[in-house]
Amino acid sequence: MSTPSAAQRFVRGILPENPVYRQMLGLCATLAVTNNLKSAVTMGAAVLFVLVCANLMVSLIRHWLTPHLRIVIFTLTIATFVTVADRLLAAFLYPMSKALGPYIPLIIVNCIIICRCEVCAAKQGPLTAVADALGQSLGFALALVSLAAVREILGTGMWFGFRVLPAAWPDWVIMVLPPGAFLTFGLLLGLANWISARRGGKEEA
Amino acid sequence: MTYFVDILLIALGAALINNFVFYYFVGICPFIGVSRRVEMAFGMGCAVTFVMTIAAAISWTMTRFVLMPGAPLTRWAAGLWLDPQAAAGVDLSILSYIVYIFAIAASVQFVEMYLRRFLPLLYRSFGVFLPLITTNCAILFACLTIMSRLVGVDDPAARWDLAQALALALFGGVGFTLAIVIMAGIREELEACDVPAPFRGVPIALVVGGILAMAFMGFTGVDNGLKTALTPPAAIVAQAPQADSGNGASTP
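Chains as they are written, first to last, in my numbering: chain A, 1 to 205; chain B, 1 to 252.
In case anyone wonders, no lab produced these hints; they're calculated from the structure. On a predicted model such as this, the values are computed, not experimentally measured, just so you know. Every residue gets a Cβ at the ideal spot worked out from N, C-alpha and C, and that includes glycine. Keep in mind that a hint or two might mislead.
[Claimed, not checked] Looking from chain A toward chain B, a few residues come up when the C-beta cut is under 10 Å (computed):
| id | residue |
| --- | --- |
| 1 | L31 |
| 2 | A99 |
| 3 | T184 |
Please put together the full structure from these sequences, using the hints given.
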């Protein structure tokens with residue numbers, strides 16, 4: 001298997017190897033923050049920041065990594081950047097930081113980031129690593145937004161806090177509560193599988 | 001008396017009412033990945049509970065004595081070369097995430113060594129899952145919850161002590177085990193069902209998880225009812241002004 005180029009890495013992350021729908025990674029954050037679009041977008045941006053920084057850093061130090069210590073190094077790098085992101089959010093977007101609560105620090109144990117450090121950044125140069133990080137985090141953000149869009153409009157009739165459906169819409173409160181996350185994601189995942197099966201299974205799982 | 005009610009409510013809240021999996025969505029990866037067979041799920045649940053309790057004890061100790069603003073050990077160490085006023089203001093809580101990750105990784109390592117030495121059979125059946133616990137969000141989540149009850153709580157009496165932290169971790173782990181074992185039981189039966197092709201595997205598991213989460217929503221408000229029932233009437237009057245400081249379940 002030859003190593004993919006930067007452009008390939010970028011494109012793959014968005015749909016063909018979408019971290020949520022294809023690789024089933026980072027599900028905790030996916031389910032927890034998608035009850036409205038605002039927090040989904042914030043979460044996507046936080047993951048983008050952490051993933052790009054961590055991938056770049058790991059890629060720069062890849063020649064000094066020793067096999068049995070690499071996971072520790074990855075985790076510490078990620079934890080450092082998550083602390084930065086957490087403090088930045090608390091400083092500039094305080095209400096959002098309050099609303100997301102523990103899920104920002106939980107980015108540390110988000111499997112997407114460790115997986116990308118391991119698969120791409122530890123093997124390839126900084127440019128490819130950054131392209132890969134951008135692709136993967138855009139794919140992640142896309143998945144978050146798709147889920148949040150369904151849940152918020154069905155649960156409250158609104159998008160980003162603005163009313164979209166008529167006020168007569170009976171809010172399906174269950175959609176913004178925890179069970180709605182499982183149901184919506186299960187159904188969307190089934191839909192995604194169905195679409196890719198109809199397209200002749202060209203995309204690998 | 002009220003202290004034990006407090007512990008009981010924390011335990012009940014962590015295990016059932018605000019179940020880690022169905023309410024906070026932490027530990028979803030093993031919930032989906034390891035819930036194919038009941039024995040496997042039970043083993044995973046036990047490992048998580050064990051590691052979570054150890055990690056909670058370590059992180060409570062670290063937070064209480066080193067990381068939180070004005071923590072005794074930090075104050076003493078800083079006092080060696082700073083004046084007492086400045087030493088009392090040293091705040092290391094910015095390091096907390098890194099410390100927690102270290103604590104979790106260390107406890108996983110410890111459990112792994114212990115199992116390999118004393119319970120090799122269990123060790124082999126865990127296989128790859130044990131190292132994966134390091135990146136299990138449920139454990140970091142427990143550490144963060146404990147941190148949020150220590151750092152930034154102004155009233156010293158409202159800060160959690162070690163027993164409360166351990167109750168949260170232990171019963172959070174029990175709740176996780178419960179969730180993953182129920183799920184595994186259902187999925188074993190699901191193997192025999194004719195599920196539409198695109199939904200096979202993970203999607204149907206998530207839908208089942210949604211229905212289970214709905215069932216667990218039935219516990220909402222149990223803690224408040226229990227609190228009222230168990231607290232002696234005199235204590236209710238005394239506690240009334242601070243009644244809302246509990247773990248925020250909606251009033252029935």
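To see whether the hints hold, each was checked on the structure:
no. : hint : in the structure
1   : L31  : holds, 4 Å
2   : A99  : violated, 14 Å
3   : T184 : holds, 8 Å
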